[in-house]
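Whenever a hint applies, use it, and build me the whole structure from the sequences.
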Amino acid sequence: MKENEFKEMLFDASCVMMACDGSIDKSEISKLKELAKTSTYFKNLNSDSRLQKFKDKVDIDLNKTVEEMIKQIKDSLLEPMQELILLEVLLIMVYADVKIHPNEIEFIQAIRDSLDIDDTTITNRFGEIDVLISKNEM
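Those letters in the sequence shown? Residues 1 to 138, per my numbering, in order.
Please keep in mind that the hints were generated in silico from the structure rather than gathered at the bench. A virtual CB, placed ideally from N, CA and C, is assigned to each residue, including glycine. What you were told as hints is all true, and nothing was included just to trick you.
Okay, derived cross-link-like pairs now, DSS-like style, lysine-lysine, Cα gap no bigger than 30 Å in a straight line:
1. LYS64 - LYS7
2. LYS31 - LYS74
3. LYS57 - LYS43
4. LYS2 - LYS53
5. LYS99 - LYS33
6. LYS53 - LYS31
7. LYS57 - LYS74
Okay, the calculated beta carbon distance ranges per label pair:
8. ILE133 - ASN46: 28 to 38 Å
9. THR120 - ASP59: 38 to 48 Å
10. LYS74 - ILE105: 12 to 22 Å
Here it is as structure tokens:
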């Protein structure tokens with residue numbers, strides 16, 4: 001996937017991760033803004049504007065937004081490194097508010113199961129995290 005398209009998708013997936021538990025915590029927004037400022041993940045994205053558009057979309061239909069994000073990732077041709085970055089950023093977001101909601105686990109597992117990367121590579125990168133072990137490989 002092209003770099004700019006990936007950055008946009010990564011940002012949107014991060015936003016979905018924040019919202020999928022039904023509320024967007026201030027610590028999650030702070031973490032997303034910190035990533036936008038200090039990392040290259042969202043470089044050259046207008047993150048404030050994109051975040052506001054996301055909030056508006058979620059206010060209309062959260063479940064549809066989550067489903068669309070999962071489908072977008074499934075349909076994307078991500079490189080292995082992009083898949084690892086996606087999982088890394090989602091993990092950062094899921095731990096941002098210290099509370100792990102079942103909907104967040106469900107979302108990250110749905111994303112994980114739509115990726116091509118194998119469990120060994122994920123375990124080598126992140127350690128053994130149950131939510132990242134693919135149901136497809138069990």
